[in-house]
Amino acid sequence: MRRGLLYPALLLLMPAVLRAQTDADGVMMSKYNACVGASYGFGSWNEYWEGTYHRNNQNLGTVSTQMVGIMGIYGISRKVNVVVGAPYIWTHSTAGTLHGQRGFQDLSAWLKWRVLEQNTDVGALSVFALGGASVPMTNYIADYLPLSIGLQSRTLSARLTADYRQRHFFVTLSGTYTWRSNITIDRNSYYTTSLHLTDQVDMPNMASEMFRVGYRDGDWWVAEAVVSNMNTLGGFDIRKNDMPFPSNKMNATMVGAHVKHTLRSVDGLSVDLDGGYTVAGRNVGQSVMFDAGIFYVLHFSKKAMKHSSDQHSTSTSTN
Amino acid sequence: MQRVINRIVIMALAGAIACKKSVPDRTAGLPALNPATEDLNAGNWKPVLLSRPDSFAVAAPSATNSPLYTADLNEIKAYQANLSGDMQAQIKYWGAGGVLRWNEIMLGLMAKYNLPPYQNPDGSYPIPSSANPFAYPLFPFSNPPYAARALAYVSAAQYDALVACWHYKTLYNRPAPYQVDSTIKALAGKHNLPSYPSEGAVVAGVTAEMMQLFFPDEIASIQEKLEQQEQSLIASGAATRSDIKAGEALGRQVAEVFIARGRADNAGKAGGSPTNWAAFVTTAQSRSQTPWLSLETPLRPPMLPLFGNVKGFLCDSATIVSLRPGPPPSTSSADMNAAVLAAYNTVTHATREQMRIVQFWADGVGTYTPPGHWDAIADADFINQNYSEVRWARNLALLNMAEMDAAISCWDIKYFYFNPRPTQMDPRIKTLTGVPNFPSYVSGHSMFSAAAATVLGHILPSRATAYMSMAQEAANSRVYAGIHYQVDCTVGLTVGQNVGNYAVQRAQKDGAE
Chain A
1 MRRGLLYPAL
11 LLLMPAVLRA
21 QTDADGVMMS
31 KYNACVGASY
41 GFGSWNEYWE
51 GTYHRNNQNL
61 GTVSTQMVGI
71 MGIYGISRKV
81 NVVVGAPYIW
91 THSTAGTLHG
101 QRGFQDLSAW
111 LKWRVLEQNT
121 DVGALSVFAL
131 GGASVPMTNY
141 IADYLPLSIG
151 LQSRTLSARL
161 TADYRQRHFF
171 VTLSGTYTWR
181 SNITIDRNSY
191 YTTSLHLTDQ
201 VDMPNMASEM
211 FRVGYRDGDW
221 WVAEAVVSNM
231 NTLGGFDIRK
241 NDMPFPSNKM
251 NATMVGAHVK
261 HTLRSVDGLS
271 VDLDGGYTVA
281 GRNVGQSVMF
291 DAGIFYVLHF
301 SKKAMKHSSD
311 QHSTSTSTN
Chain B
320 MQRVINRIVI
330 MALAGAIACK
340 KSVPDRTAGL
350 PALNPATEDL
360 NAGNWKPVLL
370 SRPDSFAVAA
380 PSATNSPLYT
390 ADLNEIKAYQ
400 ANLSGDMQAQ
410 IKYWGAGGVL
420 RWNEIMLGLM
430 AKYNLPPYQN
440 PDGSYPIPSS
450 ANPFAYPLFP
460 FSNPPYAARA
470 LAYVSAAQYD
480 ALVACWHYKT
490 LYNRPAPYQV
500 DSTIKALAGK
510 HNLPSYPSEG
520 AVVAGVTAEM
530 MQLFFPDEIA
540 SIQEKLEQQE
550 QSLIASGAAT
560 RSDIKAGEAL
570 GRQVAEVFIA
580 RGRADNAGKA
590 GGSPTNWAAF
600 VTTAQSRSQT
610 PWLSLETPLR
620 PPMLPLFGNV
630 KGFLCDSATI
640 VSLRPGPPPS
650 TSSADMNAAV
660 LAAYNTVTHA
670 TREQMRIVQF
680 WADGVGTYTP
690 PGHWDAIADA
700 DFINQNYSEV
710 RWARNLALLN
720 MAEMDAAISC
730 WDIKYFYFNP
740 RPTQMDPRIK
750 TLTGVPNFPS
760 YVSGHSMFSA
770 AAATVLGHIL
780 PSRATAYMSM
790 AQEAANSRVY
800 AGIHYQVDCT
810 VGLTVGQNVG
820 NYAVQRAQKD
830 GAE
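Protein chains in written order, with the numbering used here: chain A, 1 to 319; chain B, 320 to 832.
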């Protein structure tokens, strides 16, 4: 279980659904088990890419985004899980005059389906297909970057994840395509690479990939390194000294690490920590971010209850 | 494994066919302009700069039974025999009206060039120079005063050129091609307006010529637009090659008159010098006032501090001085303290609706600025009025001359008082849009909006109340944003109306009403 679902806008402008790590991993909840959690995240940057130009801005200083979120996962079956999350976000800049924003961002949900599970003497291969959706919970201002809390687009995502485990070591690969709806902004004209006389903004779709490698003992520990990359399929660059815009071409490559530990002392309780750094980007802040979460598994099935000591929240067991 | 591959294929296909969600402009797909009246007396309307409508000679056209004219018609027939989809789209686009389309092109250029220059490594700021085009920082920085002036010149020049055009149209009275030859289709509407010289080509020529003064990097791109429009006019059957040539030449000649004025209207000196900038500070201090200070880092020199000296179209320099209101509250007064506190309380309690109003009217960096916003408002209403091209141009010229003179008066007042912004008085005040880099009193948005609302309310009396409430909302937006004190906006609205009234006075006497 990850609070990654709630990672959302910590990287300046990244929609929540793209950071839904829970579904980039190779882990499933058992049938009828539910997991609820809360997390806090912090991300900040003082340098950003204006198009491809890497710069700071003394009229912004350091831009930070903080987030508290709640999320839940439910095992509809051993093969199908549903994941939902809702973040509250607030933004701040340390210099210049711009007022920060705060509010509930986007409600997101994923359906995660294990379509293939192949166990051999050597290792275990699982393949997951996921469908995700996100929808803004409030009428926050999208067109107020870099201090808006989100982009207002409704999204649909399709993801394919492959996970291979050999003893306690694993690699996970996933690729995601995200469709984004047009958005309506508060003004009725804007300039991209030409003037638009409308309040509607065509939001380009996005693609992202994630690679994870690490240790997973199936019971108590997960520790992994993560490399992720997202690309906006279209969009335009921020011009020199212009303001950012929701339909900018926002690309980012991040490296990070994640650790999760399930406590032995309290049945069903786990904590996790996550950190990441943006190594390359375009029209995004060079964020460094971390978050911390605490999660609790609720056993709704007797069978699950009985097996809880060895199942916990995950069930990538080889049985 | 086969299932997995199938799923990958399905997803890839879904991605490929994801619908394209392109967003049309609200003026895309307009019907062809269909004037309620041809305004055949417009050759007698009072021009802005031309002393006479025939200041520039236009030779008599060849007769409609001449071989030259037959060749002209054959060109149209050749286009119409084989109309490409692209040409049909061009005919549709330009058919909505040349003045409208060139105004929209101007708004696009204003937004494109409305970017403050990025600082030099030493913290100074480079100054855009028309003598050094195609180099960073691009010329111009099309900020609100610059944009207001560019719009005024282009609109007034279009108007004068069309008055001259109408003079020759009625003088020579050459019928449109589709009226001479019934095999020629009227693809952009049928009118009884004489076609020589072509009004569309007049507007294209005058506007293209004005680019050398206002957007010199765009001369080539505007020339392309001109050629598209002229070709579409010919292909649509609205004008012959000779109508077009005469029109473009007339437009370019009229433009030269405006360009000559523009080179000598003091705008080139509006940036001032470090000595000027320092003098504003000492003058304010000598009156025991806290002088305005840039809120940007590094400190940016004030925007066009001598723009108040620019020669207006409606107001002379004595009038500009007479428009000055009394001073704002002293920066050390209890009234000022109360105004600062009110600004703080307003912005910290802004509602979502107030934020919407702030964003709607912000018209800041990378936008077509407040004068451009009011042109877009005017365009949206004028589209429904079935104006002739010359009346379109006349109404936009009145509006934009008022906006330019509002800019001159406003900048005169701002630098006369050199009053600090709320955030300078209390750094706790965080704003809901960028703080403009010039003094606070009086509000530019309020002046531009009230001047525009006054002119537009005169042109369309049924909308007068609506325009004034829009101006009030634009003024309020600056208070909600924490950019201005209330008094900046209240006084700005009054002075803006006073400027607008000069345009109304002109409108009442120009022969068009």
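These aren't lab readings, by the way, just hints derived from the structure by calculation. Ideal placement from N, C-alpha and C gives every residue a C-beta, glycine not left out. Just to be clear, a hint being listed does not mean it is correct.
Claimed, not checked - Covered stretches of chain B, going by a simulated chain A footprint (3 or more residues, C-beta under 8 Å):
hint, segment
1, 433–441
2, 475–482
3, 685–699
4, 718–731
Right, here's what the structure says about each hint:
1. With 4 residues bearing a CB less than 8 Å from a CB of chain A, the segment 433–441 of chain B meets the requirement of three and the coverage assertion stands.
2. Against chain A, the segment 475–482 of chain B contributes 0 residues with a C-beta closer than 8 Å to a partner C-beta. That does not satisfy the three-residue criterion, and the hint is violated.
3. Chain A is given as covering the segment 685–699 of chain B, and this holds because 5 residues of the stretch bring a CB closer than 8 Å to a CB of that chain, at least three being needed.
4. With 0 residues bearing a CB less than 8 Å from a CB of chain A, the segment 718–731 of chain B misses the requirement of three and the coverage assertion fails.
In this structure, the earlier hints numbered 2 and 4 are contradicted, and the remaining ones agree with it.
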